[in-house]
Amino acid sequence: MVEFALYNAWLVPLLPALAFLVIVFLTRPWPMLSSAVAVGSMALSCFFATLAAYGVFTNHHYADHPLVYAVRWFSMGLPGAPELVIEVGIQLDPTSAMMMFMVTFISTMIFLYSTGYMKGEAGYSVFFSYLSLFGASMLLLVLSSNLLQMFIAWELVGLCSYLLIGFFTHKIAAREAAKKAFITCRVADFGLLLGILSLQLVFGTLNLVELSEKIYNFEQYTTMGILTLIAVLVFIGPIGKSGQFPLHVWLPDAMEGPTPVSALIHAATMVVAGVYLVGRTMFLFTEVPAAMLMIAITGAFTAMFAASIALVQREIKRILAYSTVSQLGYMMLALGVGSLTASMFHLWTHAFFKALMFLAAGSVLHGLHHKADVWDMGGLIKKMPITGWTFVIGGLAIAGIPPLAGFWSKDEILLKTLNAGSDSGVYYVLFAMALITAFMTAFYMWRMIFLAFFGDEKPDNHPHESPWNMTLPLVVLATGAIVVGWIGTPWHNLWAEWIYFRYPKHLDPNYLLMIGSALVGGAGIALAYKMYCADQSKALAHKLAGQYRGIHTLLFNKYYIDEIYLWFNHTVVDGSARVFYLFDIYVVDGIVNGFGGFTKLSGEGLRVFQTGRLQNYALVFFLGILAIAILMAFTGPSAAGLLGGVM
Amino acid sequence: MDINFLYDFIVAQAFYAVATVILLGALAVVFLPNIVHAVLMLAVTFIAVAGLFLLLDAPFIAAVMVFVYAGAVCLMIVFAVMLIQRRHMKLTNVFNNQLKVGGAVVALTVAVMAYFSANARWSDVSAVTAVPKDTMNFLAELLMTKYFVAFEAAAILLTMALTGAIMIAREVKANAGSTDDN
Amino acid sequence: MPDLLTTISLNHYVVLSAILFGIGLFGALVKRNAITVLLCIEIMLTAVMINLLAFNKFITPMDFTGQIFSIFVITVAAAEVGVGLAILIAIYRNQLTVNLDDLDWLKW
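Chains as they are written, first to last, in the working numbering: chain S, 154 to 800; chain X, 28 to 209; chain W, 3 to 110.
One or more of the hints may lead you astray.
[To be verified] Stretch by stretch, here's where chain W covers chain X in the computed footprint (C-beta under 8 Å, at least three residues):
no.	segment
1	35-42
2	126-138
3	146-153
Derived from the structure by calculation, the hints contain no laboratory data.
All of these numbers come straight from a predicted model, not from anything done at the bench.
Glycine included, each C-beta is placed from N, C-alpha and C at the ideal position.
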């Protein structure tokens with residue numbers, strides 16, 4: 154059975170894809186049946202994925218030699234020696250097996266949750282068909298054995314993201330957010346596509362395993378400059394998909410979509426596709442130190458940048474969105490310091506606790522009839538105990554409180570960054586940024602929790618606990634948020650033995666750092682408690698906001714990034730468009746019209762010679778004959794030959 | 028003065044006489060203001076050309092020239108003149124407004140041709156070989172053997188051309204309609 | 003010079019032919035009456051025939067090529083003058099003129 158799952162992992166993405174087709178073409182009129190098909194297929198897919206992952210994680214051979222099976226899709230060039238061979242295939246190694254299991258598991262939970270959350274909404278069946286399509290695309294991306302297939306899946310998940318963000322088509326904000334997400338990601342995907350094409354051009358293959366070997370000896374194929382360019386181009390894709398600065402703007406807006414979508418796509422799975430892609434193409438980036446540094450700096454900056462915005466936001470999902478951006482920055486930082494292990498570990502734990510928090514937030518919104526401002530909530534934990542306590546667990550996990558999942562992965566990243574500091578001093582700066590981010594994360598997360606779940610109840614709120622099919626996933630994920638980090642503890646790092654790049658790196662546990670990061674998280678929580686829970690009037694919070702009004706406004710308006718983009722669009726893009734418009738009107742059209750006018754004028758001029766009188770024509774005709782005769786008579790012997798050879 | 032020289036002398040005088048008639052006739056065709064006179068001078072020219080052909084050892088062609096050109100063609104043209112020029116015949120043969128330019132082009136053409144012929148080196152074999160006396164036999168044989176296809180094609184061409192000429196020139200009846208025979 | 007007057011060479015015929023051709027061309031280019039233009043074309047054809055027969059006599063006396071082609075030229079000229087006159091008559095019937103200055107419909 155394990156063997157079967159291992160060698161038929163293509164079933165994992167296929168099942169949700171079939172569910173998509175079945176729902177679209179057969180069961181759409183019956184909502185309950187449609188959701189059952191979607192949940193059932195994903196659960197079955199999860200079952201297979203679990204078996205396959207079990208198969209991978211019981212055979213250490215796969216850690217260094219991925220299990221790849223592929224079929225040729227098409228080839229171009231000479232038969233026998235094709236220049237371009239495109240395959241579709243599955244690559245199973247610990248990283249993709251982990252992702253496959255994580256995606257199917259989280260998806261199953263969220264599908265189940267959606268049956269409750271979306272109950273009674275119009276387009277219930279369509280929602281589940283989109284979710285199934287997304288699941289299929291994401292799993293295809295995860296399991297791809299080559300970059301082109303990965304890119305196709307990458308675009309498919311982008312499409313699903315667009316469809317699901319704009320699912321509530323009656324909301325203008327949702328439609329706009331969907332467009333924004335799609336366009337922003339397309340901009341980034343263009344860079345990725347260029348990068349992929351360059352890889353094909355330079356190395357002649359897109360197969361991940363082959364590329365890994367060829368790029369290791371890249372000097373046979375290309376120069377350092379070209380490789381750097383390719384690395385930068387490839388990295389542009391993840392910048393967009395994983396919401397890194399400066400293309401993060403779409404992710405907070407994407408929260409206009411239904412909450413399960415936010416949890417599934419914009420927290421746990423799709424947005425980490427960028428991180429995953431960089432992890433998959435680690436062999437490319439490790440050869441280019443400049444690209445690695447760029448990734449690290451981008452990650453650290455994004456983490457701190459997003460966390461600072463999250464400090465003052467008011468909408469519950471928006472805070473979580475910036476938190477997601479921040480945590481994605483963490484993962485990028487880990488990749489930038491060369492640790493696939495730490496990055497994937499944080500990806501893994503983050504998927505659990507962030508999905509949990511989104512689902513809990515959705516439960517809150519469900520109970521409060523979509524009142525999103527945390528300042529309007531309060532004391533919810535009494536009416537919604539399961540939602541509240543699971544949210545608290547998530548909050549503890551993300552704040553990095555041991556022994557919850559977030560602590561171990563965050564600690565790993567901090568440790569790796571600190572150790573990288575021995576190579577270059579810039580990593581100490583990045584480490585400091587990461588530590589500050591950890592503090593801010595704990596603070597804003599617990600600010601939200603204290604405001605929403607503790608304190609006084611607001612009289613005009615009538616919250617109620619959600620049904621079982623929403624709370625069950627919460628409980629399961631909360632359990633996950635507690636335990637999934639234990640496989641990667643510094644004392645017995647099972648994780649690092651399986652998921653690594655080229656060879657496992659063993660680091661001794663750094664107790665000072667562990668205590669330090671736990672203390673930083675605790676300090677954040679304590680500060681939040683002091684400002685937002687202990688003091689019911691929130692006087693200190695208001696006072697600080699008033700005292701630093703400028704900074705507060707700047708943060709609340711997200712550093713005006715959207716406004717800057719708008720200004721850029723309106724002045725620079727539209728302005729240059731205007732210049733080009735004038736250029737088109739006067740220069741291009743001028744040239745074209747000039748040709749036309751010249752033709753017309755010369756026609757008018759030549760019309761004079763068109764007298765219509767035969768004898769004029771005959772006259773000119775004879776002049777021509779004379780000219781030719783004279784020409785031929787006086788130029789060369791061959792011309793004379795044409796006259797009959799009589800000369 | 029032997030007989031050959033005498034023969035050559037007579038031929039030369041005949042050539043110059045005939046050439047004079049030809050050129051004057053042709054000039055008259057061009058310059059006479061009355062079209063009927065022009066046609067008449069054309070006939071004179073053609074007859075003189077026929078005489079020239081006799082000097083060129085082509086008696087058959089000379090005969091055909093008289094029959095076809097001086098006879099048939101000129102007759103046809105006279106009929107056409109009668110059909111077309113219905114009023115007085117004076118000033119029916121005048122110049123148009125490109126007289127000077129046309130004259131220049133013609134002068135140039137003649138000059139070029141004169142230059143070419145003056146500079147040409149002919150492989151003149153007339154001193155050794157002469158055209159056989161009974162040209163008729165040779166022509167008949169060649170037309171019926173070597174040039175048979177061309178000969179027949181020319182015959183068909185002539186038939187078709189004259190039939191077509193009849194079709195084109197036929198009087199169009201005012202009520203020529205669908206029910207009449209055409 | 004006495005040689006030129008007493009011995010008629012090929013050049014004599016060629017020059018005569020050239021002058022006759024020139025007269026015909028001149029008439030064809032400058033006469034206003036379409037019938038005269040036809041006459042002049044006949045003159046040009048005649049000049050060509052003189053050439054053909056002269057070359058026949060002086061260069062290829064035994065081949066008769068020039069004479070044969072003269073016959074063809076006569077045939078074609080007869081056909082041409084027949085068709086040409088027919089066309090002129092048809093034009094006259096429509097336009098009541100054969101003045102070439104008036105027949106300028108080839109203009110744009």
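Structure-based check of all given hints:
no., hint, result
1, 35-42, "holds (count 5)"
2, 126-138, "holds (count 8)"
3, 146-153, "holds (count 6)"
In this structure, none of the earlier numbered hints is contradicted; all agree with it.
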